[in-house]
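Chemist: Now for the letters of each chain:
There are 2 protein chains.
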Amino acid sequence: MARRTGRRPGNQGTREAILDAARAAFAERGFDAASIRAIAGTAGVDPALVHHYFGSKDQLFLAAMNFPVDPGEVVPRVLAGGQDGIGERLVRTFLGVWDSPFGSAGVALLRSAVSNEWTARLLREFITTQVLRRVLDQLDVDPAELPLRGSLVASQLIGLGMMRHVIRLEPVASADPETLVAAIGPTVQRYLTGPLST
Amino acid sequence: MARRTGRRPGNQGTREAILDAARAAFAERGFDAASIRAIAGTAGVDPALVHHYFGSKDQLFLAAMNFPVDPGEVVPRVLAGGQDGIGERLVRTFLGVWDSPFGSAGVALLRSAVSNEWTARLLREFITTQVLRRVLDQLDVDPAELPLRGSLVASQLIGLGMMRHVIRLEPVASADPETLVAAIGPTVQRYLTGPLST
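Line order of the protein sequences matches chains A and B. Letter 137 of the first sequence, counting from 1, is numbered 137 in UniProt numbering, and no numbers are missing. Letter 192 of the second sequence, counting from 1, is numbered 192 in UniProt numbering, and no numbers are missing.
Please keep in mind that the hints were generated in silico from the structure rather than gathered at the bench. Since this is a predicted model, take the numbers as computed values, not measurements. Hints are supplied without guarantee of correctness; some may be wrong.
Identical chains share a label here; the pair holds if one copy fits it or two copies do between them.
Said to hold, decoys possible - Straight line, CA to CA, 25 Å or less: simulated SDA-like cross-link-like pairs of lysine to any residue: (1) Lys57 / Arg168; (2) Lys57 / Ser174; (3) Lys57 / Glu170; (4) Lys57 / Gln83; (5) Lys57 / Arg77; (6) Lys57 / Arg133; (7) Lys57 / Ala105; (8) Lys57 / Leu19.
One chain only, chain A, in its complex shape (with noise of 0.2 Å):
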């Protein structure tokens, strides 16, 4: 409670530590393990300041994680049309963040999970809990597939990200969105929902 009743920070310096406390959080103790509360001591202020800032557990880790899409906004629109067709729309929704003026802030979280293990952490946790969680959740497949389907799936679109906005590799950098989706759709839709053997 130190820097609430001693140097009284602004609203500004309030929410940096909370945020540091955050990712501090996310990353060591992961997602689901990490409390509002804890969150809130380590930053020294009350957790009801905390869900004033930031709202819930999820919308905290957005922040933290300076991430400029909200999933749980965009998740539900790719998983309305049902299973057929899951896998276009799911490129077709990541190109769509990642062309807009969104997209500069997932190269940044890239290259910076790259280089640190720390962001590492905090992404694979993002990818699993805010994405893939929400997708999964919505299948009709052996549940026991899941991890496994998932983390293909992340493999195909992190490359895609790599590829298109990273190491620029023609012609994939600069590929019309749909000729993308009709070619990577496929593949992520056998990864959610297809035969992963032969």
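Once you've looked at the hints, dock chain B against the given chain A.
Modeler: Below, chain B without anything else, positioned relative to chain A:
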């Protein structure tokens, strides 16, 4: 020639000067346009010495990238079985290199390419001229589609390397290689020889 007649660097100094000049040339001009003669000129040595130390331009590129495996030896083994099953063989070979002691060089290369545009250019040239060109030349598909096919394969394989060795998302990070070969092989096969749209 100043360096040879001036402070007379040892062999190690000369080799490093050549490798520095090679990295600059390959990144700035691309592999095809870079010449041994120009690289030798920048390093202040005779072109014959470059050949003496490093062999061919391909081999100089491998040395400049600090790349421990020669695609010129590995890729022909992948191709030897013909088009059938080439996807699985390519994934198996890729995993074999990354899972070997050489894998740490791959991780270091990815880390550098993600944070450094210069290394990204070198990696792009490497993927295109040392790996993809060798594979694609052997395929019986529309030549106009080859660049897209190649960069799709690269997106899946780099994504696999990222997830298995850098981000380390489970279960891909510690899956049995043959599980990944069975799951990802058909993707690479389709990118190389199958339909790219539905």
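Chemist: Each hint should be assessed against the structure and marked as holding or not.
Modeler: Structure-based check of all given hints:
1. Lys57 / Arg168: Classified as between; 24 Å across copies, 34 Å inside a copy.
2. Lys57 / Ser174: Result: close neither inside a copy nor across copies, 36 Å intra and 29 Å inter.
3. Lys57 / Glu170: between (39 Å within a copy, 23 Å between copies)
4. Lys57 / Gln83: neither (28 Å within a copy, 50 Å between copies)
5. Lys57 / Arg77: Within one copy only: 21 Å inside a chain, 51 Å across chains, cut-off 25 Å.
6. Lys57 / Arg133: Close inside one copy (15 Å), not across copies (48 Å); limit 25 Å.
7. Lys57 / Ala105: Within one copy only: 20 Å inside, 38 Å across.
8. Lys57 / Leu19: Result: close within a single copy only, 12 Å intra versus 50 Å inter.
Violated hints for the displayed structure, listed by number in ascending order: 2, 4.
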